[in-house]
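S.K.: Taken in order, these protein sequences are the chains called A and B. Here the first sequence is numbered in the working numbering, starting from 1 and rising by one per residue. Here the second sequence is numbered in the working numbering, starting from 261 and rising by one per residue.
You may find that some hints are simply not true.
[Stated by the list, open to error] Going by beta-carbon spacing under 10 Å, a handful of chain A positions derived as facing chain B:
no., residue
1, Glu118
2, Met122
3, Leu128
4, Glu132
5, Met133
6, Ala135
7, Val136
8, Asp137
[As the list claims (entries may be wrong)] Once the Cα atoms are required to be at most 30 Å apart in a straight line, the calculated BS3-like pairs of lysine-lysine come out as:
no., chain 1, residue 1, chain 2, residue 2
9, A, Lys18, B, Lys285
10, A, Lys18, B, Lys315
11, B, Lys315, A, Lys140
12, B, Lys522, B, Lys284
13, B, Lys348, A, Lys140
14, B, Lys497, B, Lys451
[Unchecked claim] Some chain A residues close to chain B (C-beta under 8 Å, calculated; not the full set):
no., residue
15, Thr125
16, Glu126
17, Gln127
18, Ser129
19, Gly130
20, Met134
No lab work stands behind these hints, which were simulated from the structure alone. Beta carbons: idealized from backbone N, C-alpha and C, even for Gly.
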Amino acid sequence: MIELLQYLGKTTRVGFTKLGRGTYFLLQTISGIASVLLRPRLLINQMYSIGVLSFLIIIISGLFVGMVLGLQGYYILSDFGAEETLGVMVAASLVRELGPVVSALLFAGRAGSALTAEIGLMKATEQLSGMEMMAVDPIKRIITPRFLAGLLSMPLLAALFSTVGILGGDMVGIGLLGVDEGAYWSQMQAKLDFQDDIINGVIKSIVFGFVTTWIALFEGYDAIPTSEGVSRATTRTVVNSAFSILGLDFILTALMFGDN
Amino acid sequence: MDNSVNSPNSLVSVRNLSFSRGNKKIFNNISLDFERGKITAIMGPSGTGKTTLLKLIGGQLIPEQGSITVDGQNVHKLRRAELYTLRKRMGMLFQSGALLTDMSVFDNVAFPLREHTSLTESMIRTLVLMKLQAVGLRGARNLMPNELSGGMARRIALARAIALDPMMILYDEPFTGQDPISLGALVHLIKSLNNTLGLTSIIVSHDVRETSAIADYIYLISEGRCVDHGTPSQIQKSASEWVQQFMTGAADGPVHFHYPAKDYADDLLSSGKRY
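Extracted from the complex, chain A is given alone in its bound form (with noise of 0.2 Å):
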């Protein structure tokens, strides 16, 4: 039982203790934002390497899942004779769910763990200490125009996650099941709200960019500097993305659309 308690004490003081080191970490690392605004040179060059380098998964997962929500949304909606609202099932799915939490997921998975590890190797190569020792500040220098490619890249991912969906969604309602085009996208366009959909949906994608890049960079910064330090640390980064997409989406989606 004591051990039980002094287990349950010690994980608690631990947690929090990271939990500390991880917003200061992001204290630090939101101070340097002025100074890469100045450089906008490395903020492009992050911008590549985690946005535009994720378009491809981004692309192909957004056309499986449009076309799959087409093919699921027609044999339901046929059933009810509505299939001509496909178009708005196909589009309110994805812009105020599936893209956020999916194209966020995916980031974890392609961007996150790569943050990680390349943190957490240059950590253990001695880059982070060499460059303090040459008198550039590490966070400023590395961390800090990560965190904002990051937060200005998942947005944009999101979005192109959808807008490939829809026209997933479309190759299969319009092109394969016959649905009438012009029904699917005026019903999409008379029923999506700009406010509610959309600006919630982008809502969402900037909060899981933020957490998503945060915990990357802070992991791989915080990870022990040896080879299986740096594995567990990308791993973590993957898992705890993960919880953390799927747990604040539903606080977000009970907040914005809870009282209708």
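Fit chain B to the given chain A structure using the hints.
M.R.: Showing chain B alone in chain A's frame:
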């Protein structure tokens, strides 16, 4: 022994320094002086905290007690911006080289210049080529760090360390794991850079022969204390058995070959227990 040496000409002085990691006392009230324009070596067995000492001098770690002054400034009393200004005048050569792996050799050497100066690219090019020429690797400027041998990486890192013309360089185990030719090149480089650029060098090492060959003064550290200090010839003649064992590399002596254990015969005969 009294290990406080007061020298008016010292660039770095460590006073009554104590530092622990966990329960292990790494330094116990140690005082050292590093004279301007000289090569001073800190030697001692692995795990005596030699690298830790360099990190303390560079302000990356904070001592429990005591002070470290560099060029008259107490490193651990400085504000962040002041510490960074001081660090621009210190070069450090890490054991691994610590080159930035996503940049070419040229960009690595140019890195401190681009971060801290507003020189034009053509001036940066001239400076970088001069520094690379000094370490003999001007021809390797387009290589990436993963294409370099260990010795080359260290020489590039040295070129980067002198990019901002510092007043001193801290060397962390510069000779470890080098083939004889790279080793010779590094020994020669450290000595010639120190003399031609008027630097102050602090070398942390356990390579007795190479370090004694170029050091002006040596501190021998073990178990948190300064065991002996003096010029290389004074150290060679030291009466201390420990110093003699360290300098000659004898397998047994005051530092035993065997890790402390219970009696060998008893241990073998105590059957039935797994360990």
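S.K.: Any hints from earlier that this structure breaks? Give me their numbers in increasing order, please.
M.R.: none
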